[in-house]
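For this one, chain A is given, so just place chain B on it according to the hints.
Residue numbers (this note's numbering), protein chains in the order written: chain A, 10 to 636; chain B, 219 to 399.
In short, the hints are calculated from the structure, not lab data.
Please note: incorrect hints may appear among the correct ones.
Think about it this way: if two alpha-carbon atoms lie no more than 30 angstroms apart in a straight line, the pair counts; the simulated BS3-like pairs of lysine-lysine are [unchecked claim]:
#1 A:Lys359 <-> A:Lys448
#2 A:Lys268 <-> A:Lys179
#3 A:Lys207 <-> B:Lys258
#4 A:Lys440 <-> A:Lys482
#5 A:Lys482 <-> A:Lys531
#6 A:Lys179 <-> B:Lys398
#7 A:Lys179 <-> A:Lys207
#8 B:Lys398 <-> A:Lys378
#9 A:Lys482 <-> A:Lys448
Computed far set for chain A versus chain B, every beta-carbon distance over 10 angstroms [claimed, not checked]:
#10 Ile45
#11 Ala235
#12 Asp345
#13 Ala353
#14 Leu396
#15 Thr433
#16 Pro560
As the structure is a computational prediction, the values presented were derived from the model and not from experiment.
From the three backbone atoms N, C-alpha and C, an ideal C-beta is built for every residue, glycine too.
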Amino acid sequence: MRTGWCVSLLLPLAALPMEARAHAEDQQQDLSSLSIEELAQLPVRSASKQEEPLSTAPTSLYVITDSDIARSNGTTLTEVLRQAPNLHVEKLSATQSTVAARGFAGFETSNKLLVLIDGRSVYSTLHSGVFWELHSPLLEDLQQIEVVSGPGGTLYGPNAVNGVINIISKDASDTLGALARGTVGANERTAGARYGFKLGDSGAMRVYADYYDREDTPTATGFGPAIDESIRGWQAGFRADLGNDASHFTLQGDAFDNKTVIVPGEGNHGYNLLGRWTGDIADNASVQFQGYYDYYQRRSILTTDRLETVDFEGQLNLHSGPHSLVGGVGLRTTRDLFLNDLNAFQLDPKHDRLWIGNGFLQDRFALSKQVSVIAGLKLEGSSFSGLQVLPNLRLAWQPNDRTLFWTSVSQAVRTPSRIDRDLTEPTFLAKAPDFQSEKLVALEAGYRGQPGRNTSLSVSLYFNRYEDLRSFKFIGNPFPLQLGNELQGNEYGVEAWATQQITPWWRLSAGANLLGRNFTVKAGGTDLSGAASIGRDPSYQLQLRSQISLPQGLMLDAGLRAVDDLPNPHVDGYVEADARLAWRINDAVELYIAGDNLLHATHVESNDVQRTALIERNISFGTRLRF
Amino acid sequence: MRLRSLRVALGALAAIWTLAAVPAFAQASEVAVKAAFIPKFIRYVDFPAAAQPAADQPYYLCVIGHDPFGPLLDRAAASEVIDGHPVALRRFVSADVPAVAGCHIAFVAGAGGPATATMLDALRRQPTLTITDERTGRPRGMIHFAVIDGRVRFHIDQAAAAQRGIVISSRLLALAVDVKQ
Numbered sequence: 010m011r012t013g014w015c016v017s018l019l020l021p022l023a024a025l026p027m028e029a030r031a032h033a034e035d036q037q038q039d040l041s042s043l044s045i046e047e048l049a050q051l052p053v054r055s056a057s058k059q060e061e062p063l064s065t066a067p068t069s070l071y072v073i074t075d076s077d078i079a080r081s082n083g084t085t086l087t088e089v090l091r092q093a094p095n096l097h098v099e100k101l102s103a104t105q106s107t108v109a110a111r112g113f114a115g116f117e118t119s120n121k122l123l124v125l126i127d128g129r130s131v132y133s134t135l136h137s138g139v140f141w142e143l144h145s146p147l148l149e150d151l152q153q154i155e156v157v158s159g160p161g162g163t164l165y166g167p168n169a170v171n172g173v174i175n176i177i178s179k180d181a182s183d184t185l186g187a188l189a190r191g192t193v194g195a196n197e198r199t200a201g202a203r204y205g206f207k208l209g210d211s212g213a214m215r216v217y218a219d220y221y222d223r224e225d226t227p228t229a230t231g232f233g234p235a236i237d238e239s240i241r242g243w244q245a246g247f248r249a250d251l252g253n254d255a256s257h258f259t260l261q262g263d264a265f266d267n268k269t270v271i272v273p274g275e276g277n278h279g280y281n282l283l284g285r286w287t288g289d290i291a292d293n294a295s296v297q298f299q300g301y302y303d304y305y306q307r308r309s310i311l312t313t314d315r316l317e318t319v320d321f322e323g324q325l326n327l328h329s330g331p332h333s334l335v336g337g338v339g340l341r342t343t344r345d346l347f348l349n350d351l352n353a354f355q356l357d358p359k360h361d362r363l364w365i366g367n368g369f370l371q372d373r374f375a376l377s378k379q380v381s382v383i384a385g386l387k388l389e390g391s392s393f394s395g396l397q398v399l400p401n402l403r404l405a406w407q408p409n410d411r412t413l414f415w416t417s418v419s420q421a422v423r424t425p426s427r428i429d430r431d432l433t434e435p436t437f438l439a440k441a442p443d444f445q446s447e448k449l450v451a452l453e454a455g456y457r458g459q460p461g462r463n464t465s466l467s468v469s470l471y472f473n474r475y476e477d478l479r480s481f482k483f484i485g486n487p488f489p490l491q492l493g494n495e496l497q498g499n500e501y502g503v504e505a506w507a508t509q510q511i512t513p514w515w516r517l518s519a520g521a522n523l524l525g526r527n528f529t530v531k532a533g534g535t536d537l538s539g540a541a542s543i544g545r546d547p548s549y550q551l552q553l554r555s556q557i558s559l560p561q562g563l564m565l566d567a568g569l570r571a572v573d574d575l576p577n578p579h580v581d582g583y584v585e586a587d588a589r590l591a592w593r594i595n596d597a598v599e600l601y602i603a604g605d606n607l608l609h610a611t612h613v614e615s616n617d618v619q620r621t622a623l624i625e626r627n628i629s630f631g632t633r634l635r636f
Numbered sequence: 219m220r221l222r223s224l225r226v227a228l229g230a231l232a233a234i235w236t237l238a239a240v241p242a243f244a245q246a247s248e249v250a251v252k253a254a255f256i257p258k259f260i261r262y263v264d265f266p267a268a269a270q271p272a273a274d275q276p277y278y279l280c281v282i283g284h285d286p287f288g289p290l291l292d293r294a295a296a297s298e299v300i301d302g303h304p305v306a307l308r309r310f311v312s313a314d315v316p317a318v319a320g321c322h323i324a325f326v327a328g329a330g331g332p333a334t335a336t337m338l339d340a341l342r343r344q345p346t347l348t349i350t351d352e353r354t355g356r357p358r359g360m361i362h363f364a365v366i367d368g369r370v371r372f373h374i375d376q377a378a379a380a381q382r383g384i385v386i387s388s389r390l391l392a393l394a395v396d397v398k399q
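For reference, chain B alone in the conformation it holds in the complex:
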């Protein structure tokens, strides 16, 4: 009984919020929303101690391969500060550059599925939160964007993250379409 009333209340809130939001963001583009999401993910994951940035160092957000966001992501990254650490954006043409070792989180998009998979493989040995997009193919990083019912959502591979010592907060998990344990 109580659960049901809670659901109804939440549903009503969501509806009100959606109605309020729609006029303001009727034109929000899919890429802009994804760009806004990406730097925010850092806040909701815990990296292993060794991988956390030093006191005055930024979190490195990397775009590896194709960059669908351009300046949208620069701006989104610039507006994010997590526990005093700013977010620095780095772009790499491919994952076989030594500097990708410093990436805390990486959006990975190769030209086609196999290319993306190769890039993901290259990152699999380090504690980097990998993000992919269903628009660029089937290979999945720890977070995989999907557009469902006209909204940007994502699949989460918690098992892959855990293997690299990355802990994903329940608040982020709650938003996932599904979570691979």
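One chain only, chain A, in its complex shape:
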């Protein structure tokens, strides 16, 4: 039944964009012959896509732009994400990093984020976290990264509990020509290349490849086994875009392979293919259909984890009078395999198929020119958890163009992962077939605006109430332990950032992220894990960044960040700095020197006893060539 539905939706995709494209081209010549008065009277088919301008989005949203990415030292997604003041990034080793929003930091505990790469969800159904080492798009091809902290509203799919990271690559028509990049540092070498070309008159395509070779860093004293965490691998892919804003088709795919050295022959590989069509169906309505297939296999320290995902989504946007309606459905099915030859922990069953579905409807209703109410309802469920109804109510007040005040109350859930339900160990851990979704009710309020001509400022406050968080309980024979939902607690915090354009060539940004938390075991419940599932968060994180654009194509960037201690086991907080000096000799050649962690020879960012390595000072040289 469901397959039939998907097929019938996909069929029109092939036919429509071509037709619309030909039409638009024929007309352009005629439009140019019209006078400005005639143009002003011409009825247009409105591109009613709900691309909300940032200034009106009533959430805690930070955007890392393509120019921020181009000026960043980072050679991985996680390093680039450090620029978002509403994220906390911990680099564990040469290979692994974790990213958290609003707490729950840690390799296994940061499991409440939705991460999308061009609409493709990349959190793992094994543990609901993200294996960042599986994703290395060409950073030069990214358009922007939107980082939402908080439940992110109705519009995002499953797992958007504490935040959404939406990584968006450029339209292929914005990446024409050739680009090559190379970097070399003491512990890391990277190389990337892309070639973009036109496909007919209104289409374009690019192909790219990215290579990296990262060497092990020393093991941190007192933490974990001394293992070699080196990784070497590549990712390559393509993206083709056809049509215009009124009817746009995108087809893209990637493949990757990398090798790790802890156990010879281990590593990860995978591939994906995604198609998306966006089109106007009426003056005030547009639709989007998207489908993708994704496969990867991880082999890491004698474990094998394989995941195959098929996902279909459809979305309708409708504007009518003061209403802006968005509705959508998504259906995803995954087939997985988990084998463990390292220890006795197994998933039972070893293979499984999950169905994850969501549906949503949201109305943005303008009560007046200044005040809008956004009411949304999201349905979310999986073959593990049944269906849950999640309401979300937001209020936006824009007294003027430069000021937005917003407040919201929303519910979100993290549906159980395979580990939550099916992890077992023959001598002490029983399966947890009754493991429930972890639940959140979030209250938020914020301000975003431009208090001065050259100043922008955002402040968000939140109070989160969590229920049914993962715990370990004692159940006696035959197995002593089982995962349960007996932790609960409150989290509250402030996220703030500001940018001051001091002169046209000098921009200063600052960010602060303060977090307080208070978790307890539910009355009558137990947790033998010492609240392992809540992660370990610094209570503050501060950052300061300066971007200077000098004449003759010189650019100087510098950043400073301070992160508080981590508790249990204790790890000292740290202050670190990075800097980058780039010289764009001409449009074709850019040379740069980048320094990371300049203040100390080594520091530690995580207290994960199994994975933490020393993060070293690093100087690297790079070049970008464009033809």
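Just chain B now, kept in the frame of chain A:
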């Protein structure tokens, strides 16, 4: 009395014209209309003498940041010649490139409002007619596209243009949704 009859006559003309035009352009896309507008703006503004192109030089039309138009704008620019000057199209990823100093008119769209505002700030020191679109955020250039009643219109910031010595013709001002003096 006379004014009213003039209005009625104009209204009737507009209605006839609209009816005639609708079948031919029923599918006109918003971007295509905006692309057609942009090079035409040059004709209806006067740049300060120092900024006018030399005898055999083109007017430079720049797209800074995101380009929603693609080949639509190339074609529209190619079909425009103003007093013997062709319109040359240039695209820039950002406004902090020295070459933007040569832009006579610039469509500016950053990734999000603050980015657009930064780009506009960078152009504020030179006599460039800046154009923005409400679809890409709130920051406004001298001309700011809006879609009203299913038609592409624009707001004009005459004060900002005047500060840079750019004079906007009354014919263009008459089409604006509103004019900031």
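Each hint, compared with the structure:
1. Taking the CA atoms of lysine 359 of chain A and lysine 448 of chain A, the gap is about 27 angstroms. The hint holds against a cut of 30 angstroms.
2. Note on lysine 268 of chain A and lysine 179 of chain A: the hinted pairing holds, with a Cα-Cα distance of about 28 angstroms set against a maximum of 30 angstroms.
3. Between lysine 207 of chain A and lysine 258 of chain B the CA atoms are separated by roughly 26 angstroms; this keeps the pair inside 30 angstroms, and the hint holds.
4. In summary, the hint linking lysine 440 of chain A to lysine 482 of chain A is supported, as the alpha carbons are separated by about 12 angstroms, within the 30 angstroms threshold.
5. For the given pair, lysine 482 of chain A sits about 12 angstroms from lysine 531 of chain A by alpha-carbon distance, which is consistent with the 30 angstroms threshold.
6. Restraint check: the Cα-Cα separation between lysine 179 of chain A and lysine 398 of chain B comes to about 35 angstroms, which exceeds 30 angstroms; the hinted pair is violated.
7. Distance restraint check for lysine 179 of chain A and lysine 207 of chain A: the Cα-Cα separation of roughly 14 angstroms lies within the 30 angstroms cut-off, and the hinted pair is therefore satisfied.
8. Restraint check: the Cα-Cα separation between lysine 398 of chain B and lysine 378 of chain A comes to about 19 angstroms, which is no more than 30 angstroms; the hinted pair holds.
9. A C-alpha spacing of about 19 angstroms is found between lysine 482 of chain A and lysine 448 of chain A, which places the hinted pair at or below 30 angstroms, so the restraint holds.
10. Here isoleucine 45 of chain A does not stay apart from chain B, with its beta-carbon only about 5 angstroms from theirs, under the 10 angstroms limit.
11. A cut-off of 10 angstroms between C-beta atoms confirms that alanine 235 of chain A is not in contact with chain B; the least separation is 43 angstroms.
12. The beta carbon of aspartate 345 of chain A sits about 36 angstroms from the closest Cβ of chain B, which is more than 10 angstroms, so the claim that it is off the interface holds.
13. The non-interface label for alanine 353 of chain A is consistent with chain B: the shortest C-beta to C-beta separation is roughly 49 angstroms, beyond 10 angstroms.
14. The beta carbon of leucine 396 of chain A is kept farther than 10 angstroms from every beta carbon of chain B, the shortest such distance being approximately 35 angstroms.
15. For threonine 433 of chain A, the requirement that its beta carbon stay farther than 10 angstroms from each beta carbon of chain B is met, with the minimum near 47 angstroms.
16. For proline 560 of chain A, the shortest C-beta to C-beta distance to chain B comes to about 8 angstroms, within the 10 angstroms cut-off, and the non-interface label is violated.
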